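J.: Work the whole structure out from these sequences, hints included.
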Amino acid sequence: MEIIVASSIGVLTAGGVYLLLRLRTFPVILGLALLSYAVNVFLFASGGLAIDQPPILSKYGDASYTDPLPQALVLTAIVISFGMTAVLVMIGLGAYLEADSDRIDIAQDDDDAQAENERPA
Amino acid sequence: MMHWIILPVVLPALLAPIIGFVMRHDITLARIASVFGTGLLLAIALGLAVMAADGSTHVYRLGDWPAPFGIVLVLDRLSALMVLLTALLALIVLVHAIATGWDARGRHFHALFQFQLMGICGAFLTGDIFNLFVFFEILLIASYGLMIHSGGKERIRAGLQYVVMNLAGSTLFLFALGTLYTSTGTLNIADLAARLPEIPAEESSLVRVAVILLMIVFAVKAALFPVHFWLPASYANAPAPVAALFAIMTKVGAYAILRVHTTVFGPGSPGTEDLAGTWLFPAAIVTIAIGAFGVLGARRLMPLIAYSVIGSMGTLLVAVAVFSAPATSAALYYMVHSTFAAACLFLIADLVVTRRSSDALSPQPATVQNGLFAALFFGAAIAMAGMPPLSGFLGKLLVLDAIRQPGQMGWAWSAILIGSLLTIVGFARAGTVLFWKSTATAGPVLDETAELDAAQDLPAPATVAQVAPVMLALAILGGLAIFAGPVSAYLQDTSAQLFDRQGYVDAVLAPVEER
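Quick mapping for you: the protein sequence lines, in order, are chains D and G. The opening residue of the first sequence carries number 1 in our numbering; numbering runs sequentially from there. The opening residue of the second sequence carries number 1 in our numbering; numbering runs sequentially from there.
If you are wondering where the hints come from, they were derived from the structure by calculation, not from laboratory data. Be aware that a few hints might be false.
[To be verified] Selected chain G positions facing chain D (in silico; Cβ < 10 Å):
1) 105
2) 107
3) 167
4) 181
Note that this is a predicted model, so its numbers are computed, not measured. We put the CB at the ideal spot given by N, CA and C, even for glycine.
T.: This is the structure we're talking about:
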């Protein structure tokens, strides 16, 4: 199981980073979503992987239980990454509608061109 | 009395939805509520500072769960100082935003502003690293809204880059937290500080990975060298009052580095002894250089100030990277100073730029009150560049004085001194073009109408309310210089407390008294 979890985290991260470097809004959003899945699985695994065990200490059965803290962390992280992705989608949409292009790296060039035009001859 | 500690988080958190939902149609009501809330926050922050001034570490247990299991807020001198700094800056920025009408140029400015304050105060007060992440996200999500406040193509594009950069940083933060939890089994700062020395050096490789990952994350927030590139574009394109408020956000990164890397990974834990300083120091030196060259090369006023913020963060982090008590107290002095200096510059730039056709550094006909703006800009610029008599000079002097280790002194001294010189040249050039050459170029105003905003058709002279926040910020800088003795004595106590790891651990992990 460890090898499956580890390699899925790796594949998700690699895909996320690749998409993040595409410099277009939609792939970047997808890439960030993939990265947040990867990090959620990673956080989930950070307490150690255990099968069929409750995240609470049971006083009736045996004392074996899985670490509850990562599950709480993952819950928080999922909520936050959902909210952040929603914000990013809205801003990305706004940028696309304003600028008619979904590239996210043009602003700097525009700045320079603008400053260039305004320089005294 | 005990519940005071959580008030800086709860007050804005309650006020923001009320402003957002109840007062969204009445800007006057929202303004009154926002100013009132921020004033109250300042009063609470003062109270907390008085409470923490005796050197005790106050712990607020949420739900009264004992420390390593429950969530705690911790108030010591450093947290109290940072909350006070935030509240004071917020009030200055808020008055400016209201007086110049920035808050009415888009929706929900005041609600977002309060949420931002909640995130910042929470980040300063929290006692465990996961909640640091949560409060980071709160302050970031509010800052996304503030960043693109009042819209416009350039601003939304810069905002998009800023959001993507910070989301990538957040992901990295979570990876760091996972690694840290795997290797230590806790995320409470005090518990980490207590457990890390028990991890033998040969088994500490995972901890070292976590240390470096955390360092990168905080470096993103603090705009340190390899990951600083988001700052110029976003600060230069953000609304000016928002950029002034963001002056405290880079300090959140510096605070997190100080807190986590002195209290948790400081000297004493065998695996991570000098790891942070080794990497932080050269990065900070390069950051100073980038800031200085950026100031020299900027062709617009707002990026110029943004680069000077990068330079000041470099100076600050050079002092932090030494990780000794005297250097840290110098860093804290410089942190207080540079927050107000940067905010002051952004606010003045706002007053100047809204009265010109653009913020390009090119000669344009003089606007109204040219002399007043020139004087204010001069004052803020010499503060930022580190010239006497304002506190920037003393701050840099303290930083220089604190860095005397043979391996670091040469690099740090030459970087700070040459960097200051270049910054002075850059600011002098900018001021000359903006204020002196403009008086020489008299002539028709109407040849560059393309960039004109509706608001600046008739440049009106600045009112008292618009200049007052800038004056107050300058007065604080002056006061910081005049009362440098008492202030730095307090800051020395602060950094002594920061380096007293055992005291922090004992206070936070103390067993709950029976009732």
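J.: Please list, smallest to largest, the hint numbers that this structure does not respect.
T.: Violated hints (numbers, rising): 1, 2; every other hint is consistent with the structure.
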